[in-house]
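Q: Count along the sequence shown from 1, add 388, and you get the number used in this note's numbering.
These are calculated hints, taken from the structure and not from any lab test.
Heads up, some of the hints might be wrong.
[Claimed, not checked] What follows is a list of derived Cβ distance ranges for each label pair:
| id | residue 1 | residue 2 | range |
| --- | --- | --- | --- |
| 1 | R609 | A439 | 49 to 55 Å |
| 2 | G399 | Y444 | 35 to 41 Å |
| 3 | E446 | R419 | 17 to 23 Å |
| 4 | G544 | H660 | 28 to 34 Å |
| 5 | F548 | G399 | 42 to 48 Å |
| 6 | Q665 | A439 | 21 to 27 Å |
| 7 | Q665 | E440 | 26 to 32 Å |
| 8 | G411 | G494 | 22 to 28 Å |
Using N, Cα and C, we set each Cβ at its ideal position, and we do this for glycine too.
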Amino acid sequence: MRHVIALDVGGTGMKAALVGADGELLHQARRATGRERGPDAVVASILDFAAELRAYGERRFGEPAAGAGVAVPGIVDSGRGVAVYAANLGWRDVPLRALLTERLGGVPVALGHDVRTGGLAEGRVGAGRGADRFLFVALGTGIAGAIGVDGRVEAGAHGFAGEIGHIVVRPGGIPCPCGQHGCLERFASAAAVSQAWAEASGDPEADAADCAKAVESGDPRASAVWRTAVDALADGLVTALTLLDPRTLILGGGLAEAGETLFTPLRAAVEHRVTFQKVPTIVPAALGDTAGCRGAGLMAWDLLTPTAPTDPSEVTT
389 MRHVIALDVG
399 GTGMKAALVG
409 ADGELLHQAR
419 RATGRERGPD
429 AVVASILDFA
439 AELRAYGERR
449 FGEPAAGAGV
459 AVPGIVDSGR
469 GVAVYAANLG
479 WRDVPLRALL
489 TERLGGVPVA
499 LGHDVRTGGL
509 AEGRVGAGRG
519 ADRFLFVALG
529 TGIAGAIGVD
539 GRVEAGAHGF
549 AGEIGHIVVR
559 PGGIPCPCGQ
569 HGCLERFASA
579 AAVSQAWAEA
589 SGDPEADAAD
599 CAKAVESGDP
609 RASAVWRTAV
619 DALADGLVTA
629 LTLLDPRTLI
639 LGGGLAEAGE
649 TLFTPLRAAV
659 EHRVTFQKVP
669 TIVPAALGDT
679 AGCRGAGLMA
689 WDLLTPTAPT
699 DPSEVTT
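With the hints as constraints, model all of the structure from the sequences given.
A: Spelled out as structure tokens, the structure:
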């Protein structure tokens, strides 16, 4: 059976899959990234993992993988196939595509940004399936987005399209590592809610999921923390909607796991803020933690099918 290798590299773990032409996950595997051993060891682990998947595919399907796709965090130059920078992995200017192509016997390899890759999957085969324009927003440690148009994901001229976590929603507010004050992700990311609830509850171990549960139980302190986050998120999203006019807005990441505890007040807050804009369908992500692998697989298949929409998560440097 014809298949491709898909890798989703995270700060602590790697998810991998063999993906069929229809997007089916034929085999899945996981392993630790091993970042504590240094950036060179992380690259070696990626190459070894890919080679093991290639060997497994040959044994199971009687033929080697036709290509490979890999999603990585940080700054990515997909045009050159280089992982430019990732703070949590400690690497700079890693020619990952060339290294994987060599290790995998010369097959074509696609390299993409992790959020845009996950967004590609959600837009094409997940919660945004059938939408000509969608916006995928991941509410995790930070907040990042993927802008989808006609089955492809835009990266922008310099590779930073979709970084809505750095829309300033509270001018003069909390300092952000990006150098601004009052960025959206300082108020509405899962990490921001976790920090705010830990302080409000007096429990340093409390996180965003605990805050959501406390909201559901009627805790007024939790409700105040949650309202602050929802209001900031609505402000940021309405700015994005005004600029991009998506048909579907897909929310994923840790904060979205709160389900209707998030979505019900958020939909109301967005609707309250819009004037002339059209409110998109606001839905939770559908693919869970398989989105990155599915998106990496789609990127690989796009390399093998030139007429298909591609993921232009490219940085021109």
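Q: If a hint holds in the structure, say so; if it does not, say that too.
A: Hint check:
1. R609 to A439: 49 to 55 Å: Given a distance of about 51 Å, which is inside 49 to 55 Å, the answer is holds.
2. G399 to Y444: 35 to 41 Å: violated, 25 Å
3. E446 to R419: 17 to 23 Å: Holds: the Cβ-Cβ distance is about 20 Å, inside 17 to 23 Å.
4. G544 to H660: 28 to 34 Å: Holds: the Cβ-Cβ distance is about 30 Å, inside 28 to 34 Å.
5. F548 to G399: 42 to 48 Å: Once the Cβ atoms are compared, 20 Å apart, the range 42 to 48 Å for G399 and F548 is violated.
6. Q665 to A439: 21 to 27 Å: Cβ of Q665 to Cβ of A439: about 49 Å, so the range 21 to 27 Å is violated.
7. Q665 to E440: 26 to 32 Å: Because 49 Å falls outside the window, the suggested range is violated.
8. G411 to G494: 22 to 28 Å: holds, 24 Å
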